[in-house]
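Colleague: Residue numbers (our numbering), protein chains in the order written: chain A, 5 to 212; chain B, 5 to 212.
Please keep in mind that the hints were generated in silico from the structure rather than gathered at the bench.
Possibly wrong hints are sitting among the right ones.
Pairs count within a copy or across copies, as identical chains cannot be separated in the list.
With a Cα cut of at most 25 Å, we get these calculated SDA-like pairs of lysine to any residue [to be verified]:
#1 69 with 177
#2 55 with 211
#3 178 with 22
#4 53 with 179
#5 105 with 22
#6 105 with 176
#7 105 with 143
#8 210 with 192
#9 55 with 175
#10 196 with 206
#11 11 with 108
#12 114 with 86
#13 64 with 101
Protein chains: 2
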Amino acid sequence: MKLAELKTAEFVDLLASDAPAPGGGSAAALEGALGAALTAMVCSLTIGKKKYAEFEEIAKSAQAKANDLKARFVDVMDRDTEAFNVVSAAFGMPKATDEEKAARSAAIQKGLEGCTKTPFEMMELAVETLELTASILGKSNDSAASDLGVSALSLRAAIQGAWLNVLINIGSLKNKELAEDYRQKGEALLAKALPLADEIYDTVVKSM
Amino acid sequence: MKLAELKTAEFVDLLASDAPAPGGGSAAALEGALGAALTAMVCSLTIGKKKYAEFEEIAKSAQAKANDLKARFVDVMDRDTEAFNVVSAAFGMPKATDEEKAARSAAIQKGLEGCTKTPFEMMELAVETLELTASILGKSNDSAASDLGVSALSLRAAIQGAWLNVLINIGSLKNKELAEDYRQKGEALLAKALPLADEIYDTVVKSM
């Protein structure tokens with residue numbers, strides 16, 4: 005059963021339960037999807053409006069990109085939970101003999117790498133979506149400006165939520181070089197995303 | 005059709021469309037629900053665990069509160085869209101005569117008050133949930149610490165997203181006293197929530 009197929013209320017209830025998955029990673033991915041969807045919505049509310057005719061082409065191009073990013077966030081929402089299930093299964097492997105221990109440890113490490121890759125991908129998606137959102141600020145339907153602000157806030161939560169999931173997993177990676185690489189790349193993405201999200205939010209607040 | 009009954013992917017697609025509702029307000033409410041659900045989840049993962057027996061009562065009490073807050077966020081998600089529909093309908097009222105104009109204007113103002121009340125309620129819920137989340141930090145299952153961090157991030161996005169929706173509506177309120185009252189109360193809630201959310205996030209990052 006894909007998370008995207010669950011009713012919204014069911015998703016929230018499953019999240020609240022003691023089921024090991026979904027957890028914060030999938031919640032962060034959903035928040036990213038909400039951010040991308042809101043940016044797509046503002047484009048939808050701009051296209052075809054006489055008042056915003058000069059932004060028609062920008063809005064059409066941004067709408068297509070935002071819808072694509074939205075779909076990728078929805079996809080990553082399920083993949084995050086799948087990656088978690090892989091590492092959980094690895095922890096359940098037998099560990100009676102040295103061979104078993106080695107196989108189990110290797111499977112856990114491979115699983116953890118998967119659990120790091122998925123939230124890292126979310127971080128990259130969030131930066132891309134924030135840049136897209138910034139690009140239509142002031143070039144889209146003014147009456148939906150608050151929705152661009154909520155988009156930026158959602159993407160900010162998504163990237164930091166994903167970062168916590170990167171951090172928790174790299175802490176257990178034995179491949180320290182890979183862990184350090186993720187840390188540096190992740191910090192660079194955050195350094196780009198957070199000021200951008202805050203700038204969009206501040207601009208929207210000032211416009212009110 | 006209630007938004008909570010839509011499949012998650014459908015909710016996101018409807019949000020992205022040019023349908024006037026749902027918009028940022030309902031997205032912010034869903035983010036609040038995700039935050040409350042994650043806090044409930046961390047309680048669920050603490051209850052019944054020998055290692056965390058000393059926190060059993062705290063976790064049980066917090067779990068019940070978090071589940072209640074989650075349900076209230078889900079409820080407000082639909083009410084925000086309903087409030088928006090009321091004001092949209094008011095804008096569509098006839099305005100040929102002075103009587104019609106007066107009735108339409110009064111209906112719009114009443115609708116705007118409803119559109120302000122709902123996100124303001126979300127802000128109050130977010131503060132309550134953040135305080136609950138803070139209360140179990142360090143008193144719950146350590147392996148789910150990142151989920152408390154994602155909870156705080158989600159609630160931060162929810163309260164600021166709700167605030168944008170308060171701001172956009174009070175800007176059109178003719179009752180300036182009421183508008184000012186909402187502004188002051190909203191700013192007080194933000195002043196409480198944002199440092200608390202950041203503190204939870206920072207504590208979680210440092211623990212990794």
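Colleague: Evaluate each hint against the coordinates.
Modeller: Against the structure, the hints:
1. For the homomeric pair residue 69 and residue 177, neither the shortest alpha-carbon distance inside one copy (34 Å) nor that between copies (36 Å) is at most 25 Å.
2. In the homo-oligomer, the alpha carbons of residue 55 and residue 211 lie at most 25 Å apart inside one protomer (18 Å), although the nearest pairing across protomers, at 51 Å, exceeds that limit.
3. With identical chains, the CA atoms of residue 178 and residue 22 are never at most 25 Å apart, being 28 Å at best within one copy and 48 Å at best between copies.
4. Taking the closest pair of Cα atoms, residue 53 and residue 179 never come within 25 Å of each other, the shortest separation being 54 Å inside a single copy and 31 Å across copies.
5. For the identical chains of this complex, residue 105 and residue 22 are neighbours neither inside a copy (28 Å) nor across copies (55 Å), given an alpha-carbon limit of 25 Å.
6. Taking the shortest alpha-carbon separations for residue 105 and residue 176, only the intra-copy value of 16 Å comes in at or below 25 Å, while the best inter-copy value is 66 Å.
7. Proximity of residue 105 to residue 143 under the C-alpha cut-off of 25 Å is found in neither arrangement, the shortest distances being 58 Å within a copy and 32 Å between copies.
8. Taking the closest pair of Cα atoms, residue 210 and residue 192 come within 25 Å of each other only across two copies (18 Å); inside a single copy the shortest separation is 28 Å, beyond that limit.
9. With identical chains, the CA atoms of residue 55 and residue 175 are at most 25 Å apart between copies only, with a shortest distance of 22 Å across copies and 52 Å within one.
10. Taking CA atoms no more than 25 Å apart as the test, residue 196 paired with residue 206 passes in both settings, with 16 Å inside one copy and 19 Å between copies.
11. In the homo-oligomer, the alpha carbons of residue 11 and residue 108 never lie at most 25 Å apart, since the shortest distance is 36 Å inside one protomer and 37 Å across protomers.
12. Taking identical chains as interchangeable, the C-alpha atoms of residue 114 and residue 86 lie at most 25 Å apart only when both belong to the same chain, with a minimum of 13 Å there against 47 Å between chains.
13. For the identical chains of this complex, residue 64 and residue 101 are neighbours neither inside a copy (60 Å) nor across copies (40 Å), given an alpha-carbon limit of 25 Å.
Violated hints, listed in ascending order, are 1, 3, 4, 5, 7, 11 and 13; each of the other numbered hints is respected by the structure.
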